[in-house]
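Novice: Dock chain B against the given chain A, drawing on the hints supplied.
2 protein chains.
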Amino acid sequence: MNEAGFIAALKRSAGSRPRELTLGIGDDCAIYSPPGSKTDLLFTTDLLVEEVHFRRSHPPAAVGHKALARGLSDIAAMGGEPEFCLLSLALPEWADARWHAGFRRGFFALARRARVALAGGDLARAEKLACDIVVCGRVPRGQALRRDRARAGDAIYVSGLLGGSALGLETGAGAAWKRHLRPEPRLRLGRFLRQRLKATAAMDLSDGLSLDLHRLSLASGVSARLDRPLPVFPGATLGHALHGGEDYELLFTLPPRAKPPEFFEGLPITRIGAIEPGRPGRVEFFGRPLEPLGWDHFRRGES
Amino acid sequence: MNEAGFIAALKRSAGSRPRELTLGIGDDCAIYSPPGSKTDLLFTTDLLVEEVHFRRSHPPAAVGHKALARGLSDIAAMGGEPEFCLLSLALPEWADARWHAGFRRGFFALARRARVALAGGDLARAEKLACDIVVCGRVPRGQALRRDRARAGDAIYVSGLLGGSALGLETGAGAAWKRHLRPEPRLRLGRFLRQRLKATAAMDLSDGLSLDLHRLSLASGVSARLDRPLPVFPGATLGHALHGGEDYELLFTLPPRAKPPEFFEGLPITRIGAIEPGRPGRVEFFGRPLEPLGWDHFRRGES
Chain A
1 MNEAGFIAAL KRSAGSRPRE LTLGIGDDCA IYSPPGSKTD LLFTTDLLVE
51 EVHFRRSHPP AAVGHKALAR GLSDIAAMGG EPEFCLLSLA LPEWADARWH
101 AGFRRGFFAL ARRARVALAG GDLARAEKLA CDIVVCGRVP RGQALRRDRA
151 RAGDAIYVSG LLGGSALGLE TGAGAAWKRH LRPEPRLRLG RFLRQRLKAT
201 AAMDLSDGLS LDLHRLSLAS GVSARLDRPL PVFPGATLGH ALHGGEDYEL
251 LFTLPPRAKP PEFFEGLPIT RIGAIEPGRP GRVEFFGRPL EPLGWDHFRR
301 GES
Chain B
1 MNEAGFIAAL KRSAGSRPRE LTLGIGDDCA IYSPPGSKTD LLFTTDLLVE
51 EVHFRRSHPP AAVGHKALAR GLSDIAAMGG EPEFCLLSLA LPEWADARWH
101 AGFRRGFFAL ARRARVALAG GDLARAEKLA CDIVVCGRVP RGQALRRDRA
151 RAGDAIYVSG LLGGSALGLE TGAGAAWKRH LRPEPRLRLG RFLRQRLKAT
201 AAMDLSDGLS LDLHRLSLAS GVSARLDRPL PVFPGATLGH ALHGGEDYEL
251 LFTLPPRAKP PEFFEGLPIT RIGAIEPGRP GRVEFFGRPL EPLGWDHFRR
301 GES
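Going down the list, the protein sequences come from chains A and B. Here the working numbering is used: the first residue of the first sequence is 1, the next is one more, and so on. Here the working numbering is used: the first residue of the second sequence is 1, the next is one more, and so on.
This is chain A alone, in the form it adopts within the complex (with noise of 0.2 Å):
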């Protein structure tokens, strides 16, 4: 069983929704609007684990801040300002006060920036590390971005450059290694979508764009249409920018006569291509079907 063959089965299962669960399963977030309130919140659960998300080895604040930012980049990709997190730990004996520390530092290091309080969490010993975070952030009613909104005729956008982290991990040097293990969530770009460019759909590169866009296709029920050269990061491969994870870019799809800046805030912002009507979740690069091959956590689990 898959990834999405799992989170199928849970979907099945997951019962009626109350009325105020406005999005459930299967966005970067779920949404929730509080009865009587212009605000709706989201919510995103992100789980970080050692030997699979990162190893012993890692610098602790740079794991510190990864947990939180791959929850932040769900929120950024929604369009969203980060209110609050939780934070669950299993700690094995091996991380001792000093790698606590260093956890803390980068993790409140990146709070402090994106202005998002710890209200609570949990504790357990484990004999690897685990950390789940969620993170809950608001948006004004019925205004976040989500995936299952682009329409045939958009134009397709990514920022910043693909396929760095992919990169960093194989060679654990340079200016790759470090943009894959500190990452960067796009949370003021997202504001920027929803405020400004009015995005259509958007969501995070996590699992790498072969995935993820056929994700929002799918989601959309549309199919997508890569026509034009990928910002690839200085030294990855096209695989790299292709099937890589973890980039937590953001993805996104724009009116076809919208005009976007070049640079948001000095990070590029790429046409790669268009959506077009067709078999939902069909991806098309340069002409041949691409297939989805980025990080399904199951398959390579498989393996």
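Any given hint could be a false lead.
If several chains are the same, the list does not tell them apart, and a pair holds so long as it fits within one copy or across any two.
DSSO-like, lysine-lysine: derived pairs with alpha carbons at most 30 Å apart [unchecked claim]:
(1) 11 / 178
(2) 128 / 178
(3) 128 / 11
(4) 198 / 259
Calculated from the structure, these hints are not laboratory results.
Specialist: Chain B alone, transformed into the frame defined by chain A:
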């Protein structure tokens, strides 16, 4: 460093709360008050880790049940109505399709009874199974039961019978074992405490009466005196009842002249002592100081 020390370190770094975050780290749930709404939202997160909270040999349906029950118990403790939950699962190779199906069966049977929808989650591979559950509940604005509101003169009560879960963990048999595997979150009792009995303070008994009552007294800035027979689970020792974890009964305080029923829907309600002025956190059991020997996740891990 023990659990309290680690939490204190997190709390110091937690940063300033947004105004809407009415209650942060330290109670069963955080409280978020959405702007413009008459509802407060409760948030709790609970980790369940293989070989810490359960074993591979346990029935998967019981693991699924307990994963959710722990979170629901925190919502019950604050008098809330569960709304939705998020589930993060780190799944090892040994958990096959049959195990998954069993887990889902136990999880969703309780979810349906408690009317809580699964709104999202995250999946990863791992060597040991770990599961983090977040539950969001709701309560009318300002009415959540908290652990920091007990006052000198209040009477102390517990629901149900204590020590059954600890006994079950030892014996692996009979009613106590069932109790250990399938704790029942006291959601209806929690709402009754809030709406009818006007409890001054409440929390759930997850780590043992001695430690949890110490925490309630510490949070409320008062002492506690236990001077009446405890409702001990049949076959359990006084040690089980005082220090055993995972009973998931409710511990609460009522104004001195309150007259609660002897039973609530068949569940015994027992007066076990009184709140007194005195050193915050001090607990006395029949005239002698009671050490908080309950379950500290870190101390146990370090032994």
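Novice: Please go over all the hints and tell whether each is borne out by the structure.
Specialist: Hint check:
1. 11 / 178: Classified as between; 29 Å across copies, 36 Å inside a copy.
2. 128 / 178: Result: close both inside a copy and across copies, 24 Å intra and 29 Å inter.
3. 128 / 11: both (29 Å within a copy, 24 Å between copies)
4. 198 / 259: within (11 Å within a copy, 59 Å between copies)
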